[in-house]
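Trainee: Put together the whole structure using the sequences plus the hints.
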Amino acid sequence: MGPENIAAWTHLYAAVGLLAAICSGCALLKTIYDIRTGVIAPPLGSVVRWLLWFPKVWLHFQLSYLCGFPSILAIAILYAHYIGFAAFVPT
1 MGPENIAAWT HLYAAVGLLA AICSGCALLK TIYDIRTGVI APPLGSVVRW LLWFPKVWLH
61 FQLSYLCGFP SILAIAILYA HYIGFAAFVP T
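Numbering (this note's numbering), first residue to last: 1 to 91.
Honestly, the hints are just simulated from the structure, not real lab data.
Since the model is a prediction, treat every value here as computed from it, not as a measurement.
We put the beta carbon where it would ideally sit given N, CA and C, even for glycine.
Heads up, a few of these hints could be off.
[As the list claims (entries may be wrong)] Okay, the calculated beta carbon distance ranges per label pair:
no.	residue 1	residue 2	range
1	Leu66	Thr10	21 to 29 Å
2	Tyr79	Ser24	14 to 22 Å
3	Leu28	Ala76	19 to 27 Å
4	Ala41	Phe85	42 to 50 Å
5	Ala41	Pro90	47 to 55 Å
Mentor: Structure follows, in structure tokens:
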């Protein structure tokens, strides 16, 4: 693989990593907002209810994160198109 190919792949991986971090941060903020507004109400009562509440919060976070995945995919494809798909083909 030539240096141009390595640079193109490195830039693509860095961009997707940055987008994933942004998407994760937005999903975390949405989950915190939903907890504070009562959409995902914290349980009142025993420790068992709290332990069963955490997977629900985790699922909510994961669903919020997956809603941002199409944006990450679209931006990565547009970036690869901008660079040129031929730059990613090893020679």
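Trainee: Mind listing which of the numbered hints don't hold for this structure, in increasing order?
Mentor: none
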